[in-house]
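Undergrad: Modelling step: build the complete structure from the supplied sequences, incorporating the hints.
2 protein chains.
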Amino acid sequence: MRTLILGGDGYLGWPTALYLSERGHEVAVADNFLRRQYDHELGVESLVPIAPLRTRVDVWRELTGREIGVWVGDLTDGDFVAGMVEAFRPDAIVHYAEQRAAPYSMIDRQHAVHTQVNNVVGNLNVLYAIAEIDPSIHLVKLGTMGEYGTPNIDIEEGWLDVTHKGRTDRLPFPKQPGSMYHLSKVHDSHNIMFACRTWGLRATDLNQGIVYGQATEETMRDPRLATRFDYDGVFGTVLNRFVVQAVLGHPLTVYGTGGQTRGLIDIRDTCECIRLAAENPAEPGEFRVFNQMTESLSVAEMADRVVQTYGKPVEVEHLDPPRTEKPEHYYNVAHTSLLELGLQPHLLSDTLLESLYAITEEHAHRADPSVIRPTVRWDRVRNALPDRWARGVQPRGRHIAD
Amino acid sequence: MRTLILGGDGYLGWPTALYLSERGHEVAVADNFLRRQYDHELGVESLVPIAPLRTRVDVWRELTGREIGVWVGDLTDGDFVAGMVEAFRPDAIVHYAEQRAAPYSMIDRQHAVHTQVNNVVGNLNVLYAIAEIDPSIHLVKLGTMGEYGTPNIDIEEGWLDVTHKGRTDRLPFPKQPGSMYHLSKVHDSHNIMFACRTWGLRATDLNQGIVYGQATEETMRDPRLATRFDYDGVFGTVLNRFVVQAVLGHPLTVYGTGGQTRGLIDIRDTCECIRLAAENPAEPGEFRVFNQMTESLSVAEMADRVVQTYGKPVEVEHLDPPRTEKPEHYYNVAHTSLLELGLQPHLLSDTLLESLYAITEEHAHRADPSVIRPTVRWDRVRNALPDRWARGVQPRGRHIAD
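In the order they appear, the protein sequences are chains A and B. The working numbering puts the first residue of the first sequence at 1, with every later residue one more than the last. The working numbering puts the first residue of the second sequence at 1, with every later residue one more than the last.
Incorrect hints may appear among the rest.
Identical chains blur together in the list; that is why a pair holds if it fits in one copy or across any two.
Claimed, not checked - Straight-line alpha carbon distances no greater than 16 Å define the calculated EDC-like cross-link-like pairs of lysine to aspartate or glutamate that follow: (1) K326 - D169; (2) K165 - D154; (3) K326 - D379.
Quick caveat, the hints were computed from the structure, so don't treat them as lab data. Given the structure is predicted, the values throughout are model-derived calculations rather than measurements.
TA: The following block contains the structure:
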């Protein structure tokens, strides 16, 4: 099958491209390199060095003989999207191409507006391209578990059977997203649901947990195939960040008590989930939602796993929580649909963490400890970027320093 | 109190400005005249002639001695919004300033993207201006009953008490909006809810029904104070449109069987609802939702009222429905909050329709019958604008003709 991966130069997009290419998909990737641009803006870098996209694709071809097509352009340019879909004619479009960091979206007004416009308009252009060119193209869209927030009831897979005053209906699960970024994904979900209902599109919305890990079988074949590994306070996800802090001999920075519970997923399972979704498409008109996570842990438990498994002593520091969120909450999530399609999860095991420690130790000399701690607070409407930038260059030409 | 009305040159914004000014509010209005621009794009005009905003304000001052401040600018310009809020320092911001026509948003991709960007970014900029400058400013935001769609359960005022697998929570009412425009309002609601939870803002989201009527006590004092009256297939709302069709001797165009039920409200009640919301603000941190409608009627019932009350014979024509919606559905809406604050509704009465007939007859010579019938179909991803434009000028420089 022909699979187009939007955001194919990113942390997950690139390993997914290799994973599907290896398994016989005709793969093309599209990217505008905005994720690399955010690095420049924030003054940070992937801990593991990453090759340019053209190099990655060349190396993959040399190693495997497999071709990955490349489209360079911006999804907010509707004509670019339509032209690409018309030319490549995919069976499935896997859509990773969104600004994906909650703290980034909460820096200030400009970053919030950028996040919502970039994500919502890009996704709208994808929906219109599918509807205009071939409504049978299956959209596999990356959402986030953070769309749900932390309701005091079980979180179901996208829909909720409601009985109210003696009448019943199956309704979209109510969402209480916790950042301008998470809000943008909720907006996307509503737009996609409408496109399925109105134009008969078929879509799978994957509400993904927090991804951890860096290596997949395919990326390990050559250092130039490596995907990025973020540990900074803006783009680094919690477990990856803890691993880097342990290796650097820094305390693990837990926000508050660490009682916030989150769904997790191994990067290798992400790739397999995408394959399962793409190869088992939704029905025409169906808006299908899968909760793409394999287990739930509290942040304190994640820190504890690192403390228990890293070979040297590790301290834990509890920070004043930068996010506005419930410190403790009920969290019980249905996530059976992908298991029913055949997913065999890699649960968080010592083995995985050992391999992450090894990767981190190899590249520890590249780490900049000054970028790890959180700099963006939810209760501050206008956050300064890290000090290196707040005085001097104004990144994006739009940042207003405090 | 000081009240800033965004979209104060529009169908409802202008009468609201006069209503509040008359009742002692210090009023300023802001507008970018985009609504007048849409008229130029579509080649249509208000049936009742409308004066320029500066004339309106001058006439009001001459008649009453009351001053209405004017800000001309675009809410998608965040610096404009912040500067205005900083300078005027309102107690309440009444936010009407959005693209408000479902058919307009469904013309094609460009119009959908325009609608969502214009509405979502404008509203985000308002939220940020309040949060940065004075979080005690009360946001009174115009939403729509169409945000809810037509669930098979009672529609509550914004929140739903849910019991699921033995646990309970009060959750945002699940939304199933029926157009790119209605979606934009749902996005707004989620963004506002988040701002209240995270920054402690106070907001009232008014899910308004379909407004009918054209005259208020204040606008009737001088023809130059009149507000617009739309009857075209894109911006004209259903009951206003039926009145114009009756007067012109055209059949009333009912979409399908007319079994779709809608909430309605008299334009005079809209003004009073805004006053009640503004003078009785939400608590800090509260996201308050009122369903701003006074009665429910099916479209067939609305047509029947016109047939029964107009002095001459009126025919009804059933058209192939242009919208994708349920032809018949359950519809029972809670709308008690505004009544509890003191609203005394004008229900749809013969008197009101008589006055609408009189207004329409006075201006019937200005009517262009060719613009009344629906031109935008939901099941067509790319609609042509009316023929006068599809060949020749490309309005907005972006429309792609079929």
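Undergrad: I'd like to know which numbered hints this structure contradicts. Please list them from smallest to largest.
TA: When the structure is compared with the hints, none of them turns out to be violated.
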